[in-house]
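With chain W fixed as given, assemble chains Z and D with the ligands onto it according to the hints.
So the chains spell out like this:
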Amino acid sequence: MSSVKLSQLVKKYGNLEVVKAIDLEVQPHEFVVLVGPSGCGKSTTLRMIAGLEEITGGSVSIEERVVNRVAPKDRDVAMVFQNYALYPHLNVAENIAFGLRIRKTPKAEVTTMVAEVAEILGLTDYLHRRPAELSGGQRQRVAMGRAIVRHPKVFLFDEPLSNLDAKLRSQMRAEIKRLHKRLEVTSIYVTHDQVEAMTLADRIVVMNDGIIEQVGTPMDLFLNPANTFVAGFIGSPPMNQLPARVGGTAEAPTAEIADQLLPLPPLPELAERIGAQVTVGIRPEHANVHKQGTNPIKVELELVETLGSEALLHTTLAEKPFIIKTETEGYYDMLHDVSSFTVNTDQVKVFDADTGRVFGQGAA
Amino acid sequence: MEKETRLQRIIFHLRREWQIYAMLLPTIIWFIVFLYKPMYGLQIAFKDYSIFRGVAASPWVGLEHFEHLFSNDQFIRAVWNTIKISALNLVFGFPAPIILALMFNEILHATYKKTAQTIVYLPHFISSVIIAGIVITAFSPSVGIVNTVLGWFGIDSIYFLTKPEWFRPIFVGTGIWQEAGFGSIVFLAAIAGVNPSLYESAVVDGANRWQMMWRITIPSILPTILIMLIIRIGNIMEVSFELIILLYQPATYETADVVNTFVYRQGLQSGRYDFAAAAGLFNAVVAFVLVMVANTLSRRYSRTSLW
Amino acid sequence: MMNWNLYSRGDKFFAIVVSILIGMFTVATLYPFIYIAAVSFSSGFAAQAGKVVLTPIDSTIEAYKYILVQPDFWISYRNTFIYTIGGTVMSLLFIIPGAYALSRPQLFGRRFFNLFIAFTMWFNAGIIPFYLNMRDLSLLDSMFGIILAFAVNAFNIILLRNFFEAIPQSFEEAARMDGANDFQVLWKVFIPLSKPAIATITLFCIVARWNGFFWAMVLLQSQEKIPLQVFLRHTLSNLSDDDEFAITQLEAAYSAETVTAAIIVCSIIPVLLVYPWIQKYFEKGILLGGVKE
Ligand SMILES: Nc1ncnc2c1ncn2[C@@H]1O[C@H](COP(=O)(O)OP(=O)(O)O)[C@@H](O)[C@H]1O
Ligand SMILES: [Mg+2]
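Chains as they are written, first to last, in the working numbering: chain W, 5 to 368; chain Z, 1435 to 1741; chain D, 2 to 294.
Excised from the complex, chain W in its bound form (with noise of 0.2 Å):
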């Protein structure tokens, strides 16, 4: 049994088509993160799962229901926005209370359940303050709790951190994590970035203008990304891509970049393309400039960002900018002197150069 499922859902405004026939399933217990460039159209599926915008096609089903006709207050879900939505006029206490005092909850059953996620989002000490008077971290809080008083059967948030300044953002994703982990609530989460995303995922849904680019685990999309566009956009800094010629034979094929030769995995695909463009992608995280192996490709290096425990090489290959990314511990003297990097030829990932798909990975 899925908890939400998406199928060919289509959102148009009038000719333009926004989401483009998605299909997603989401289980029960799950955190699903959508991540995607800003306006690829990932608020418009979260507000359509809501019921807070109208279906244009496709369906969303929630516990194998379909809800495209259901009113938002009937779905049994709970959303959390980015600019808070708390009502200025009600203190705390009365912003949780509010959907419950709606539904006409007895008013001792409300007092308890507003205290019980007080205690949960520590904000106990605050019932009785306006929203004006809370820190941006207190009222994301209090947002939060406002879902949860509820317990609906799935949490939407739509980038509910991006007001936020960054020491505050990472303590909240934590704190989001761990509240997941406490009252295992379904929730689909939208958001722009990557680094939010590959922390709070159970599965990231990779979105681009209107259509899913991909869907794994973040470790899954880290290393196996589908196409140049999930490879450009998970990962910081993302993987590195460049133009080559395949050579060599099927047996052992070689990426000719420029005047260098890095040898490839052995894919059946690379076996019918000798001579053809495709492109090379390395994370910077799997160049290696410690170890000495055979064909180290050359760089040129044009500056070392130093970031404490690791440093980024800015690097140039074959005219295009690469980015190496390295430990510095026992390595901080020679980092400035770096001219070449090996990598392991399976780390290499090599896609279509029309397409951009990954080549190696069957139908995926």
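Please keep in mind that the hints were generated in silico from the structure rather than gathered at the bench. Treat the hints with caution; some may be incorrect.
Said to hold, decoys possible - Taking lysine to aspartate or glutamate pairs in the EDC-like style, the calculated list, with each CA pair at most 16 Å apart, reads:
#1 W:LYS302 <-> W:GLU255
#2 W:LYS157 <-> W:GLU137
#3 W:LYS295 <-> W:GLU273
#4 D:LYS189 <-> W:GLU98
#5 W:LYS111 <-> W:GLU98
#6 W:LYS171 <-> W:GLU188
#7 W:LYS77 <-> Z:GLU1451
#8 W:LYS329 <-> W:GLU289
#9 Z:LYS1471 <-> D:ASP12
Every value quoted in this text rests on a predicted model; they were computed, and no experiment measured them.
What follows is chains Z and D with the ligands alone, placed relative to chain W:
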């Protein structure tokens, strides 16, 4: 995927959103009954209207009323008076709130400013009848303070309100006294919206307050000034005739009678409904055209339309 | 930015001149009221002699006595309260739901309805057809007719609609997900969030009703239905036309002028009482804090 019909969509929409239509309905009915139905009744301007036959059954007379209207000296005079009073209002009444707002902006003492503002907004909230009462009392030949003061300088009492040449100055002056303060609010709001860093950099450049007013404040609120000016021009036909009715008398009709007071006298006092309706229609059409022109101008020059 | 200590001599001079000019204008605004109040408390004789300038001469409350014993004065005063309260309530009953509906994006035909309402700001049929329409509706000389026929105007609806439109959509959406219907969204969210706008409109309505005179004069015939302003107008014209009154009262403690002034004072006092009370809402930005955009 099942395709739904248009009808199904509408029914679904109404089932889901009927409440907003229920909320809108009374207002729409009100507009139809009290504002659109009279528009239908405007046809009496082209009819020989009789109360007993009613609007629909009265016979058509074409443009007869308009022919009479345009050969009626009193009507022509009323049109000119309307335009003259509006022009005076524009020349003297329009700059007043702007100047006031600019001056308020120079006042540092917060309490002084607040108190002064509260006081000058007040006359806006006073009824025409009272304003008229105050004017009549103040300008009265025997008791009036104006004549009392003139008396100190050895000037004989003037029967201001019976003298045609005094009507317009008194009327326009009263208007400024009543509305300049309240009118300054919109300009004060515009001034409040000016980016403070403009002033800060001007201070650094050594500008004084007078220069800042001319170089920063006034250019910054120019769009607001323009819009308000256009609104004023659009409203030329709308002289506040309530106050005129209260202040004028046959002796001053010569300068005081405007189209709406003419309509009031002809229609409601003399019962010539169809003729008066024609005069009213003329006024409404001219006003409508002026508002449309004003809006087009505003849209073109300030990229802001009034609606 | 504005700091007296950083002002140059010229700036200080400028500021002082402006303060004085503002002071003069403020005094000029206030003076007529003081003058009228002074006249109202002066003896008729002193007023007739043109002696009153700033303070009451031969202080007396005779003029008030003359007014306050007239039953018609009290009836008209009561009527004005009825028109003001009834009319304002009626206005809000139309305007608030109407503006809410017009502000909803999902309203089908929203552009049309908005135009339908705004059009009446640019074109109206005028005095005569409105009057004849009232007669056709049998609303002449009817208190309810006055209350209903002036309940709505396009400007107030549009003002409130604009305010509603500026409320972030997420407030409505959050309430909707919490199970609120449109009436609840309006009542529990939009109205509390719009207090400044609604207070402003309430003020406009109260002032318009309290001051409304022309149509009350035209539409109402019965003495027991007229509001204060019409009573005032009758008294004003009667007093000034009534030479006999002037002559017989010449030696008396009150005169036409002091009585006029006294009525004016009685009519302004409620306005003065309400004015600061609602004015505070203008500035209260209640929408701060709940939203961060
Ligand atoms: N009401 C609307 N009318 C027309 N276009 C819209 C509307 N709402 C959103 N869009 C468009 O739909 C696209 C997707 O928007 P959205 O789902 O908000 O993106 P995001 O992924 O940033 O949340 C954007 O290009 C946006 O411009
Ligand atoms: Mg979004």
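Each hint tested on the structure:
| no. | hint | result |
| --- | --- | --- |
| 1 | W:LYS302 <-> W:GLU255 | 24 Å, violated |
| 2 | W:LYS157 <-> W:GLU137 | 31 Å, violated |
| 3 | W:LYS295 <-> W:GLU273 | 30 Å, violated |
| 4 | D:LYS189 <-> W:GLU98 | 12 Å, holds |
| 5 | W:LYS111 <-> W:GLU98 | 12 Å, holds |
| 6 | W:LYS171 <-> W:GLU188 | 25 Å, violated |
| 7 | W:LYS77 <-> Z:GLU1451 | 14 Å, holds |
| 8 | W:LYS329 <-> W:GLU289 | 5 Å, holds |
| 9 | Z:LYS1471 <-> D:ASP12 | 59 Å, violated |
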